[in-house]
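Peer 1: Residue numbers (the working numbering), protein chains in the order written: chain X, 1 to 117; chain B, 1001 to 1230.
Hints in this document: simulated from the structure, not taken from any laboratory. All C-beta atoms, glycine included, are put in the ideal place defined by N, C-alpha and C. Don't take every hint at face value.
Claimed, not checked - If you want the footprint, here are the derived chain B segments under chain X, 3+ residues with CB under 8 angstroms:
#1 1042-1056
#2 1120-1132
#3 1135-1146
#4 1154-1166
#5 1169-1177
#6 1186-1196
Said to hold, decoys possible - Listed below are the simulated PhoX-like cross-link pairs for lysine-lysine, each with C-alpha atoms no more than 20 angstroms apart in a straight line:
#7 LYS100(X) to LYS110(X)
#8 LYS1053(B) to LYS19(X)
#9 LYS42(X) to LYS1222(B)
Claimed, not checked - Residues on chain X that point at chain B, a partial pick, calculated with CB under 8 angstroms:
#10 ARG18
#11 LEU22
#12 PRO29
#13 ALA34
#14 GLU37
#15 GLY44
#16 PHE49
#17 LYS115
#18 LYS117
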Amino acid sequence: MSSFGFDKVKKPSEQGARKLDLSELTMQPPAVPADKEQRAIKKGEELGFTSREPSETKERKGEGEGRVMRRHERTPTRSIYVQGPASVLDRFVAYANELKADAYWEVLDKLLSEKGK
Amino acid sequence: MPVISFANPKGGSGKSTLVLVLGLEFARQGTSLAIIDADPNAVIADWAARRVKAGLHVPFTIVSRPKEGEMVATIGELSQSHQFVLIDLEGTASRLLSRAFARSSLVLIPLNPSPIDARLAASAVQLVQEEGEALERSIPYRLVYSCYPAAIATRSFRRIDKEIRDEQLPMLSEGLVQRAAFRDIFDFANTLEELTEDKTSGLEQARQNAYAVAQEVVNALKEIQRENQK
Chain X
1 MSSFGFDKVK KPSEQGARKL DLSELTMQPP AVPADKEQRA IKKGEELGFT SREPSETKER
61 KGEGEGRVMR RHERTPTRSI YVQGPASVLD RFVAYANELK ADAYWEVLDK LLSEKGK
Chain B
1001 MPVISFANPK GGSGKSTLVL VLGLEFARQG TSLAIIDADP NAVIADWAAR RVKAGLHVPF
1061 TIVSRPKEGE MVATIGELSQ SHQFVLIDLE GTASRLLSRA FARSSLVLIP LNPSPIDARL
1121 AASAVQLVQE EGEALERSIP YRLVYSCYPA AIATRSFRRI DKEIRDEQLP MLSEGLVQRA
1181 AFRDIFDFAN TLEELTEDKT SGLEQARQNA YAVAQEVVNA LKEIQRENQK
């Protein structure tokens, strides 16, 4: 038993049982006109707030040209070191150049996809 | 009803902790609540999934990882059917932030008292202000500490705090204190009420802290509502 009566003082958790008064809150989320939102998004992009969603394909350059390639922006990456006969690797590099691939993995991806692997 | 976005382009700034702690406090008050977990780490969706697996009740609706194109409709639908919608945004400078900010009654910008958190929090404030100009209305926001030391204020904390106050940026007067309970709700997929003293220390202080921050958020919303009615 307390000598001073502090044991009778309400503990913080007992004071109103930590009750929030939400009765006055009636607000609705703001309406967003499409034209103003486009301006807002443009402002955001100028500050570096751009789309971070991976796009599935690159845009085609024109009918019958350009390439459709998968982008793997969010998948984990790893490196492999390939040593082999110069003639084979030269053919591989020449083929990559012919495809105008941005990276050698894209050529591997294409070859594997063609084999259904 | 109110839509609250939580954003800081820096990952690890305490957004998800603040969202879950506030969400649980609102749910404890008996409100109907929805959380949009747009953070790629999806720690709140994971918290909810572990509770479902354990046969425990999830006290809110959870929508995990909506795409940018789905965000607008998701906010619209949830705000019609719930008293509160909280949006845990990804910790990157993303266009999803722009979409969410435009539809928010309040943007909360959590920061740890560290220089890098403060710098990126400032960029979120800049986005809020620039977007507000484009939308021709101000987007209400508040900075909030999400994990500050209970006992000793570090020099960098004092420096950051001084700068925020000097610039007169709106800041919640209560923030989340660094406490074991706020980690343990994730570890054990528990609510603060379910944690027990034998596993977690400082529980009562943590519950008080969660309540105080929720009270501050409600006060901020009421203030914004009064401003809007003028």
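Peer 1: Compare the structure with each hint and give your call.
Peer 2: A quick look at each hint next to the structure:
1. Only when three residues or more bring their CB closer than 8 angstroms to a CB of chain X does the claim for the segment 1042-1056 of chain B stand; here the count is 0, and the claim is violated.
2. Counting residues of the segment 1120-1132 of chain B whose C-beta sits closer than 8 angstroms to any C-beta of chain X gives 5, which meets the bar of three, so the coverage hint holds.
3. As drawn, the segment 1135-1146 of chain B meets chain X at 3 residues by the rule of a beta-carbon pair under 8 angstroms; at three or more, the given contact holds.
4. Counting residues of the segment 1154-1166 of chain B whose CB lies closer than 8 angstroms to any CB of chain X gives 0, which falls below the minimum of 3, so the coverage claim is violated.
5. With 0 residues having a beta carbon nearer than 8 angstroms to a beta carbon of chain X, the segment 1169-1177 of chain B misses the requirement of three or more and the stated coverage is violated.
6. Residues of the segment 1186-1196 of chain B with a Cβ under 8 angstroms from some Cβ of chain X number 0, which does not satisfy the need for three, so the listed coverage is violated.
7. A distance of roughly 12 angstroms separates the Cα atoms of LYS100(X) and LYS110(X); the hinted pair therefore holds under the 20 angstroms criterion.
8. For the hint pairing LYS1053(B) with LYS19(X), the CA-to-CA distance comes to about 30 angstroms; that exceeds 20 angstroms, so the pair is violated.
9. Simply put, LYS42(X) and LYS1222(B) have alpha-carbon atoms about 31 angstroms apart, too far for the 20 angstroms limit, and the pair is violated.
10. Checking ARG18(X) against chain B by beta carbon gives a least distance of about 4 angstroms; that is within 8 angstroms, so the hint holds.
11. The restraint placing LEU22(X) at the interface with chain B holds, with a minimum CB-CB distance near 6 angstroms, inside the 8 angstroms limit.
12. With its C-beta approaching chain B no nearer than about 4 angstroms, PRO29(X) sits inside the 8 angstroms limit, and its interface hint holds.
13. Interface restraint check for ALA34(X): the shortest CB-CB distance to chain B comes to about 10 angstroms, outside 8 angstroms, so the restraint is violated.
14. Taking 8 angstroms as the C-beta contact cut-off toward chain B, the hint placing GLU37(X) at the interface holds, the least distance being around 5 angstroms.
15. Hint status for GLY44(X): holds, given a least beta-carbon distance of 4 angstroms to chain B, under 8 angstroms.
16. Because the closest C-beta pair between PHE49(X) and chain B is about 5 angstroms apart, less than 8 angstroms, the hint holds.
17. Given hint, LYS115(X) at the interface with chain B, is violated; its Cβ is 32 angstroms from that chain's nearest Cβ, farther than 8 angstroms.
18. The beta carbon of LYS117(X) is not positioned within 8 angstroms of any beta carbon in chain B (closest approach about 29 angstroms), and the interface hint is therefore violated.
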